[in-house]
Amino acid sequence: MASLTRAQYKIAGLVVVLALVLLSLPSRTADALKSVVASLFLPLIGFASTTDALAANAVDRLMPKRELARQNSLLRRENQQLRALLLQAQEQARENARLRELVGWRAQSAWNLRVARVVARDPANWWRTVHIDLGSKDGLRENAPVLTPDGLVGRVGTVGIATSQVLLLGDPNCRVSAVVENAKRDVGVIGPAGALRSDVVELNYLPLSAEVKPGQLVLTSGLGGVFPKGIPIGRIIDAAPAADEMHLKARVKLSANLSGLEEVLVLMQ
Amino acid sequence: MKWFRAITILSAAWLGVFLQAKCGITRTLLAAQLDVLPPLLVYTALTSTVGMVALVAVWGGLCLDALSANPLGVSILPLFVVGLAINRGRGLILHWQITARLALGAAAGAAVPTLTVLLLLTGGHNPLLSWGSVWQLLVMSASAAVLTPAVFKLFELVDCAFAYRPAGATSFRHDREIRRDKVLKEAE
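Residue numbers (this note's numbering), protein chains in the order written: chain A, 1 to 269; chain B, 1 to 188.
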């Protein structure tokens, strides 16, 4: 094996210094630099979106009329059911507002949801993040909750100009205060459960006296100030004492399908 | 041609990282994401200079970290170290043999993520690790082993398509030369 020449030593030194400088940058600068590098992928993201749209269009054209008529009829029926539910919900909202006024409670602010498309997933195996096509130009800010109609997905991490990173539930950097829907309203913290299953997370730091049973619903508790109260997270699979036997931990099957995410709703502030 | 090769390899790294982030089929089927940079680095280390290895490591690492939750720059060193090690030993490696390419791909596919995770842990970060990570490492290593000969084949095709064709052997032979020149005849 030949020894390195002086020029090769210089190149190696340069790479090491560059890596060390990048690793020691302040987080704000590193995030800004990351956004700049990520923006180099925008042409590819645009191309992939166009290709997806063309493929979907082709599938629509190929679909037989009978299938379209069947889907139309199903959607009409669902629309009628949703209209009935909307009327009921509007009445309940009015009643809620009247009661809040009587008791003197502060009215809850309405959710301002924006639809975003998932454009890329984390290429590394040790993080659970996705990129969405909303950024600071759309008024997006860090820590905005991200959800689907089925339940909570995660929160916004780094915000770029046109795209942003979303930390999914189960990522080591995304912890959520959650409450179990049982008589005692036991509160714990949602964290990662393992590297392989993206549909299961762990509910930690439950009190030993918690009455957690399989099938019970887990919701956001509203503690911590990031996530509003009452967003469904998932259902309990099983519970067991933690290794230190100081608290209980439970496995939770997520309501939202994180591995098949295509569109998400971002709760704008 | 050197510049063309460099641009092709860097474009492949850029495109490869994007495809890695876009296609989640292996994540759904095998619960692990493939890594395209180690096979590309093996190819670069065996066919190019240390400077090119450094360029691919820096560019590929930056692209990967930009789409990932990794701290920016953490993938550069593992890629460069593995690339440099292969480049230094390329005189001893029978790199035209498919077995050697498979073995190098497998080794690079296991070494790069291991070194990256070690760097992350050293830097006080908390990556998602469990016993399932061993399975993911095996999948990454096996996929890199399979992808490495494919990368060599791909670049061979690119070279065939864009490189200058070698000049064909001439049919001229001294012993079959027909001598018509008057001066030559007189000399005889």
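It is possible that part of the hints are untrue.
[As the list claims (entries may be wrong)] Chain A is faced by these chain B residues, among others (derived, beta-carbon under 10 Å):
#: 1; residue: SER68
#: 2; residue: ASN70
#: 3; residue: LEU120
#: 4; residue: ASN126
#: 5; residue: ALA142
#: 6; residue: VAL146
#: 7; residue: VAL158
#: 8; residue: ASP159
#: 9; residue: PHE162
#: 10; residue: ALA163
#: 11; residue: PRO166
#: 12; residue: ALA167
#: 13; residue: ALA169
Derived by calculation from the structure, the hints in this document are not laboratory data. If you're wondering where the values come from, they're calculated on a predicted model, not measured in any experiment. Positions of the beta carbon are idealized from the N, C-alpha and C atoms, including for glycine.
Cross-check of the supplied hints:
1. SER68: holds (4 Å)
2. ASN70: The hint holds - ASN70/B has a Cβ within 10 Å of chain A, the shortest such distance being about 6 Å.
3. LEU120: Cβ of LEU120/B sits 7 Å from chain A, so the hint holds.
4. ASN126: holds (5 Å)
5. ALA142: At about 14 Å, which exceeds the 10 Å cut-off, the nearest Cβ of chain A leaves the hint on ALA142/B violated.
6. VAL146: The hint is violated - VAL146/B has no Cβ within 10 Å of chain A, the shortest such distance being about 17 Å.
7. VAL158: Check failed: Cβ of VAL158/B comes no nearer than 19 Å to chain A, outside 10 Å.
8. ASP159: With a closest approach of 24 Å, the ASP159/B hint is violated.
9. PHE162: Check failed: Cβ of PHE162/B comes no nearer than 22 Å to chain A, outside 10 Å.
10. ALA163: violated (26 Å)
11. PRO166: Violated: closest Cβ of chain A sits about 28 Å from PRO166/B, beyond 10 Å.
12. ALA167: violated (32 Å)
13. ALA169: Violated, about 34 Å.
The earlier numbered hints that this structure contradicts are 5, 6, 7, 8, 9, 10, 11, 12, 13.
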